Amino acid sequence: MAIAAALVLATLSVPVTSAGAAVRIDPRTAIVSTPAGTAIVYRSPFRIVFADARGRVVLREARGARGSLAIAPPPPALASGYGPPMQQTLYAPLEFTVGAERDVARDSGTWAGDLLASGRTGTVFSARSVRSIARAGSGLRLVVSTTDPSGRTLIVTVSPSIGGALRVTARPSPAAGVAGIGDSFLSPPGEAFHGFGGRHLGLDQRGASFFNWTAEENVNATDFSVPGSSAGTLLYPNGPQAAYYPQASFVSSSGYGFLLDSFALARFRLDDQREAWQADLSGADLAYVVAPGSGPRAVSTLTSITGRQPLPPGWALGPTLDREAQLGETPAAYLARIRADLIDIRRYRLPLNAYRIEGWATLSETDLRSVIAQLHRMGIHALVYFRPFASHDAAATEAPGTYR
Numbered sequence: 007m008a009i010a011a012a013l014v015l016a017t018l019s020v021p022v023t024s025a026g027a028a029v030r031i032d033p034r035t036a037i038v039s040t041p042a043g044t045a046i047v048y049r050s051p052f053r054i055v056f057a058d059a060r061g062r063v064v065l066r067e068a069r070g071a072r073g074s075l076a077i078a079p080p081p082p083a084l085a086s087g088y089g090p091p092m093q094q095t096l097y098a099p100l101e102f103t104v105g106a107e108r109d110v111a112r113d114s115g116t117w118a119g120d121l122l123a124s125g126r127t128g129t130v131f132s133a134r135s136v137r138s139i140a141r142a143g144s145g146l147r148l149v150v151s152t153t154d155p156s157g158r159t160l161i162v163t164v165s166p167s168i169g170g171a172l173r174v175t176a177r178p179s180p181a182a183g184v185a186g187i188g189d190s191f192l193s194p195p196g197e198a199f200h201g202f203g204g205r206h207l208g209l210d211q212r213g214a215s216f217f218n219w220t221a222e223e224n225v226n227a228t229d230f231s232v233p234g235s236s237a238g239t240l241l242y243p244n245g246p247q248a249a250y251y252p253q254a255s256f257v258s259s260s261g262y263g264f265l266l267d268s269f270a271l272a273r274f275r276l277d278d279q280r281e282a283w284q285a286d287l288s289g290a291d292l293a294y295v296v297a298p299g300s301g302p303r304a305v306s307t308l309t310s311i312t313g314r315q316p317l318p319p320g321w322a323l324g325p326t327l328d329r330e331a332q333l334g335e336t337p338a339a340y341l342a343r344i345r346a347d348l349i350d351i352r353r354y355r356l357p358l359n360a361y362r363i364e365g366w367a368t369l370s371e372t373d374l375r376s377v378i379a380q381l382h383r384m385g386i387h388a389l390v391y392f393r394p395f396a397s398h399d400a401a402a403t404e405a406p407g408t409y410r
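Add 6 to the 1-based position in the sequence shown for my numbering, that's all there is to it.
These are calculated hints, taken from the structure and not from any lab test.
Hints are supplied without guarantee of correctness; some may be wrong.
To be verified - Simulated restraints on C-beta separations:
{"hint": "1", "residue 1": "80", "residue 2": "353", "range": "52 to 60 Å"}
{"hint": "2", "residue 1": "309", "residue 2": "181", "range": "29 to 37 Å"}
{"hint": "3", "residue 1": "143", "residue 2": "115", "range": "31 to 39 Å"}
{"hint": "4", "residue 1": "280", "residue 2": "348", "range": "30 to 38 Å"}
{"hint": "5", "residue 1": "34", "residue 2": "323", "range": "23 to 31 Å"}
{"hint": "6", "residue 1": "140", "residue 2": "323", "range": "20 to 28 Å"}
{"hint": "7", "residue 1": "140", "residue 2": "83", "range": "44 to 52 Å"}
{"hint": "8", "residue 1": "390", "residue 2": "83", "range": "56 to 64 Å"}
{"hint": "9", "residue 1": "259", "residue 2": "315", "range": "19 to 27 Å"}
{"hint": "10", "residue 1": "392", "residue 2": "116", "range": "14 to 22 Å"}
{"hint": "11", "residue 1": "225", "residue 2": "338", "range": "53 to 61 Å"}
As the structure is a prediction and not an experimental result, all values here were calculated from the model.
C-beta atoms are modelled at their ideal positions from N, C-alpha and C, and glycine is treated no differently.
Please work from the sequences and hints to get the whole structure.
Rendered as structure tokens:
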């Protein structure tokens with residue numbers, strides 16, 4: 007059984023660089039430019055437009071909403087325990103929800119830790135027009151009026167980031183009572199959204215809506231009477247976008263990359279109902295990065311911010327045998343299967359580069375050292391399965407003391 011790491015991949019706070027950046031404030035607009043692109047802020051109605059180094063518009067916020075949206079309860083799940091389903095939303099610049107949010111994760115069983123329910127109550131408002139604007143470091147700081155009748159404003163910053171990317175932050179003022187915040191953008195027909203980490207259903211997520219939440223191993227939904235599961239593309243309990251390794255970033259076919267810079271629970275809606283997409287966070291603080299440029303350039307910029315996975319050693323690309331562990335299996339039974347593998351590897355002269363011991367944590371240190379030493383004598387690299395989270399369960403995950 008594969009176990010998902012319980013750390014949702016989120017990026018580090020993105021440092022700001024001012025190399026080659028310029029700021030201009032005009033009566034109708036304010037502009038932050040870098041060697042890679044430009045962010046143009048329109049004062050009234052408020053709107054941010056992003057262009058690449060040639061001046062071609064690659065991304066623009068959705069048009070402003072005339073009013074607000076009272077959130078309806080979440081729709082019913084397709085089947086018991088499946089989902090959770092998405093609620094309706096308001097596609098508008100810097101939308102935010104005044105109200106409350108309740109998120110529930112499974113606390114036991116095979117899918118312990120998976121998101122079971124998420125719902126908001128309240129009203130969604132959005133940005134209206136710029137009240138004031140000023141230079142702030144190498145970027146801009148804006149006070150933006152909103153459709154909230156209480157007079158709540160948004161404090162917005164636009165600044166250069168690593169690799170010529172452009173970073174936007176927003177926080178309601180006052181922030182008390184704000185349950186979520188996001189931003190919405192127009193999307194041309196056929197725009198592809200490539201990324202989001204280890205998703206199961208394809209590379210392009212256009213038309214999908216999903217939560218960015220690390221999920222335990224999902225299985226075919228057919229056995230759980232989920233409508234539409236006969237095609238084999240639905241997973242239970244978290245749907246086709248369930249992921250061990252989610253990332254809050256993607257590269258668009260329209261010429262930009264996008265990074266949602268937050269550890270908070272995120273919701274992505276990617277042209278699921280209209281020619282617009284939205285990224286929304288739980289809480290009152292929004293931060294995202296737009297990296298203008300073609301796919302390779304956008305990937306390079308985003309990974310210069312998030313970090314890049316080192317290339318694996320050459321031997322890791324060769325044949326590997328994996329000895330899976332079974333729930334409830336005794337250490338003695340698991341060790342016996344390993345011993346049998348070692349005999350068969352010699353008998354059949356298997357050309358292995360590596361051998362993975364998934365259930366290594368159930369073995370005694372003496373037995374584990376003996377197995378690893380034998381593998382090394384055979385010229386085979388020994389691999390173990392480390393799960394970076396603390397838990398108390400039958401899968402023998404690492405104890406909390408491991409991290410002290």
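Results for each hint:
no.	hint	result
1	80 to 353: 52 to 60 Å	holds (57 Å)
2	309 to 181: 29 to 37 Å	holds (31 Å)
3	143 to 115: 31 to 39 Å	violated (49 Å)
4	280 to 348: 30 to 38 Å	violated (58 Å)
5	34 to 323: 23 to 31 Å	violated (55 Å)
6	140 to 323: 20 to 28 Å	violated (53 Å)
7	140 to 83: 44 to 52 Å	holds (47 Å)
8	390 to 83: 56 to 64 Å	violated (38 Å)
9	259 to 315: 19 to 27 Å	holds (23 Å)
10	392 to 116: 14 to 22 Å	holds (20 Å)
11	225 to 338: 53 to 61 Å	violated (29 Å)
The structure shown violates the earlier hints numbered 3, 4, 5, 6, 8, 11.
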